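Asks: If you want the building blocks of each chain, they are given just below.
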Amino acid sequence: MGKDVAVVGLYCDFHAQKEHSTTHMLGAILKQLASRRGIPNHTREAFREAKKEFGSRGLLLPDMVDLLKMTITSLPRLFICIDALDECAPKHRRELLESLQRIVLVSPGTRVFLTGRPHIDDEIVGCFRNVLRIHLSPTPGDIKSYLEMRLADDHIPKAMDNELRAEIMRIIPEKISEM
Amino acid sequence: MSPGHHQVISNTHSFNNNSFNNIVNFITEIDGEGRQILKWLSPLEPQQRHQSVRTDRLGSVGNWVLETSEFRKWRDAGDGCVEPVLFCCGNPGVGKTYVRYEGF
Chain A
1 MGKDVAVVGL
11 YCDFHAQKEH
21 STTHMLGAIL
31 KQLASRRGIP
41 NHTREAFREA
51 KKEFGSRGLL
61 LPDMVDLLKM
71 TITSLPRLFI
81 CIDALDECAP
91 KHRRELLESL
101 QRIVLVSPGT
111 RVFLTGRPHI
121 DDEIVGCFRN
131 VLRIHLSPTP
141 GDIKSYLEMR
151 LADDHIPKAM
161 DNELRAEIMR
171 IIPEKISEM
Chain B
1 MSPGHHQVIS
11 NTHSFNNNSF
21 NNIVNFITEI
31 DGEGRQILKW
41 LSPLEPQQRH
51 QSVRTDRLGS
61 VGNWVLETSE
71 FRKWRDAGDG
81 CVEPVLFCCG
91 NPGVGKTYVR
101 YEGF
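As you go down the protein sequences, you meet chains A and B in turn.
Under our numbering, the first residue of the first sequence carries the number 1, and numbering increases by one thereafter.
Under our numbering, the first residue of the second sequence carries the number 1, and numbering increases by one thereafter.
Relax, there's no trap hidden among the hints.
Pulled a few chain A residues facing chain B out of the computed Cβ check, cut under 10 Å:
hint: 1; residue: Tyr11
hint: 2; residue: Arg77
hint: 3; residue: Pro118
hint: 4; residue: Ile120
hint: 5; residue: Val131
Okay, derived cross-link-like pairs now, DMTMM-like style, lysine to aspartate or glutamate, Cα gap no bigger than 25 Å in a straight line:
hint: 6; chain 1: A; residue 1: Lys69; chain 2: B; residue 2: Asp79
hint: 7; chain 1: B; residue 1: Lys39; chain 2: A; residue 2: Glu53
hint: 8; chain 1: A; residue 1: Lys144; chain 2: B; residue 2: Glu67
hint: 9; chain 1: A; residue 1: Lys91; chain 2: A; residue 2: Glu123
hint: 10; chain 1: A; residue 1: Lys18; chain 2: A; residue 2: Asp122
hint: 11; chain 1: B; residue 1: Lys73; chain 2: A; residue 2: Asp4
hint: 12; chain 1: A; residue 1: Lys175; chain 2: A; residue 2: Asp153
hint: 13; chain 1: A; residue 1: Lys175; chain 2: A; residue 2: Glu163
hint: 14; chain 1: A; residue 1: Lys18; chain 2: B; residue 2: Glu45
hint: 15; chain 1: A; residue 1: Lys52; chain 2: B; residue 2: Asp31
hint: 16; chain 1: A; residue 1: Lys69; chain 2: A; residue 2: Glu123
So the derived label-pair ranges between C-beta atoms look like this:
hint: 17; chain 1: A; residue 1: Lys51; chain 2: B; residue 2: Leu66; range: 42 to 48 Å
hint: 18; chain 1: B; residue 1: Asp76; chain 2: A; residue 2: Pro157; range: 41 to 47 Å
hint: 19; chain 1: A; residue 1: His155; chain 2: B; residue 2: Glu83; range: 43 to 49 Å
hint: 20; chain 1: A; residue 1: Arg165; chain 2: B; residue 2: Trp64; range: 21 to 27 Å
hint: 21; chain 1: B; residue 1: Gln48; chain 2: A; residue 2: Glu148; range: 27 to 33 Å
hint: 22; chain 1: B; residue 1: Arg49; chain 2: A; residue 2: Arg150; range: 17 to 23 Å
hint: 23; chain 1: A; residue 1: Ala152; chain 2: B; residue 2: Asp76; range: 35 to 41 Å
hint: 24; chain 1: A; residue 1: Ala166; chain 2: B; residue 2: Asp79; range: 48 to 54 Å
hint: 25; chain 1: B; residue 1: Pro92; chain 2: A; residue 2: Lys158; range: 32 to 38 Å
hint: 26; chain 1: B; residue 1: Gln48; chain 2: A; residue 2: Leu105; range: 30 to 36 Å
hint: 27; chain 1: A; residue 1: Ile171; chain 2: B; residue 2: Ser52; range: 26 to 32 Å
hint: 28; chain 1: B; residue 1: Pro92; chain 2: A; residue 2: Glu45; range: 42 to 48 Å
hint: 29; chain 1: B; residue 1: Asp76; chain 2: A; residue 2: Gly126; range: 25 to 31 Å
hint: 30; chain 1: B; residue 1: Asp76; chain 2: A; residue 2: Arg44; range: 34 to 40 Å
The hints are simulated quantities; they were obtained by calculation from the structure and are not laboratory data.
Here the structure is a predicted model, which means the values were calculated and not measured.
The C-beta atom is built at its ideal place from N, Cα and C for all residues, glycine as well.
The shape of chain A in the complex, shown without the other chains (with noise of 0.2 Å):
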């Protein structure tokens, strides 16, 4: 990836649900590109406005879009990665998704990365028809190299023997396997 890239990350969370409004969720991803890039100046402009006003009231979501779609044009590509979207509160997740696809609609850049449980995929697709996909689930080979880095680890090497050891790496995979 060349240095027109740029790379910005959310990550949703069941406990702080109140926290991650869509319009702090949003002005997370043009921050990241703020302190990176250079305040833009619609920005700075937004901000001093804001101040006028008492106590320098927040942004309000549809102004937080405007401002992200300013900043996106100018991007060659952008990548937009948010874990965990199934953690969000349902309306949050509702004018998240709106939201980001009124970006991508200016921004044909703009490419989009969720990760979530299976049971929000008709809220990806109600917002953008087409939705690529992967299912995740461990491979054998991942599940190995977990058990061999958390055996490695281990706090109480005493405790372990070869038989143990054997075991672990034979019955955990198997289980994971019936899962």
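On the provided structure of chain A, position chain B as indicated by the hints.
Replies: Showing chain B alone in chain A's frame:
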């Protein structure tokens, strides 16, 4: 100057150093007002969580995702591709968060 001023400076500093994957290396001077603007845009600090995910991740686990035709199609398609969204779905605990990181 607000009491939280120094905190803002240190957050912004780590923010720049921990840019996602260091792909974008535009070093930008952020002035005093700029720091206020970043704080005003959002209280969220996703780059902090990103650092811990990055540290906890194990080598090559999940790399197969990068080889899938879906991932390649999504990443390499030209502007205005009809499928701008890639959804990696899976049940709790399969490692979705960690795949997400190594995708880039």
